[in-house]
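Could you put together the complete structure from these sequences and hints?
In this note's numbering, the protein residues as written are 1 to 429.
Note that these hints are calculated values from the structure, not bench results. Treat the hints with care, since some could be wrong.
[To be verified] Using 25 Å as the maximum straight-line C-alpha spacing, the simulated PhoX-like pairs for lysine-lysine come out as follows:
(1) 40 with 5
(2) 114 with 186
(3) 415 with 334
(4) 40 with 114
(5) 415 with 395
(6) 415 with 381
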Amino acid sequence: MLTSKVRRTLLSYGMLDGVSRVVAAVSGGADSVAMLLCLKELQEEFGFSLCCAHFNHRLRGAESDADEAFVKELCARLGVEFRAGGGEISPAGRGLEDAARQARYGFLHSVVGKDPHTRIATAHTQNDNAETVLFHLARGTGLRGAGGIAPVCGRVIRPMIDLTRRETEAICREAGVEFRTDSSNKDKRFSRNRIRLEVLPALEEAHPGAIENIARFARAARAATDDLTVRAEAFWEQNGPDPAAMLRLSEALRAAVWQVFLERAGLSPDAGTISRCEALLPRERASLQLGPDCYLEKRYGRLEFREKALQPQAAFFSGEEPVFFGGYRVQAEKGPFDRRFSLRAEALADGAWLCAPRPGDRFLVPGVGHRNVARICRDQKIPREKREGLPMLVKNGEILWIAQIGASADARAEKGQDYINISAEECST
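And the structure:
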């Protein structure tokens, strides 16, 4: 019965259309073992050759080696080709989970090679999909992220995406096949594990069927995203980067247009990046730094990318995430109280604009009064070449804060007040 459910998934998403070979990614856990069993049973019906690929991350010592030995022995019993890979995982600033994923998929694609008729099958389930949706929502995402795990992504297919983890375990039991349990899946230091072990069980207890309901929501979000993407591409072909035309769109369609625009520029935008880009639309001239050498400029009623920013510059700063501006990375953080750089939290409510100094700008220096910004920079011995792009936070025409100088008398926090620290770190360009 459960194999029939997998068959329906394969057919409904066209996962095996024109496919002659499937490489199943098998870790040894219940989900991937169940997938291997189902694919083996359906192999003759769909007419594909089956290969099992196992990547040993070598993160759990003897336990990892035992997983590999288990999968190898299972393949021998089933008469399935077995391919193994492995290597030391180096996070290199990406995080352990992400580094492991990159290494694993690199190995899987090497097994697949360039054959266009071969697919990689991974054992993501409804539970995994629900975890991903909740993780994205908690971190902050748009409609695309709410779609969770796509059943088909390029050459990767997910035959188990309509099954729950309980169902994959049932497949293994019915076949009389054991499976391995990864001890690291119980480590609550990883966000996804906390969602898996604490959040999803609580949701299922409060609302039985919660996992299936989240999966249904994810399908609806993916369908809406697909529709918006088609409309966004049509808009782009007709209008290009026209801010005036974009402002006439609905918020959801405009976000999809930003996605198309930024992806065509080789960027991988998230909801935060799109929100920052949105702040450019109503301004006559503005610049947003998306990276050390990537600026999005609005000038003469058009949007364009440049390696260097034009003047005048302006970028919206909410304090929720770092913003690249004028060769600096500006960010807000709690940190220890600093009488010079700590702003009253309410001063940054609803955000402020990052701007470069202009001739005649005046700043309210604590204990001194209003002074010319250019003179302050000279007194602080800030080199002339760095003054032009020096970030200033401006709100309602008043300068709240200047990089390397600090907060204004009106905006700075006093001890005991709710505060936020603003820092600006120079970036290489």
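The hints, checked one at a time:
For a cut-off of 25 Å, the pair hint linking residue 40 to residue 5 stands: about 15 Å separates their Cα positions. Simply put, residue 114 and residue 186 have alpha-carbon atoms about 37 Å apart, too far for the 25 Å limit, and the pair is violated. A hinted pair counts as satisfied when its Cα atoms are at most 25 Å apart, and residue 415 with residue 334 qualifies at roughly 13 Å. A C-alpha spacing of about 23 Å is found between residue 40 and residue 114, which places the hinted pair at or below 25 Å, so the restraint holds.
Proposed proximity of residue 415 and residue 395 is supported: the alpha carbons are some 23 Å apart, at most 25 Å. Of the pairs offered as hints, the one joining residue 415 and residue 381 is violated, with about 29 Å between alpha carbons and a cut-off of 25 Å exceeded.
The structure shown violates the earlier hints numbered 2, 6.
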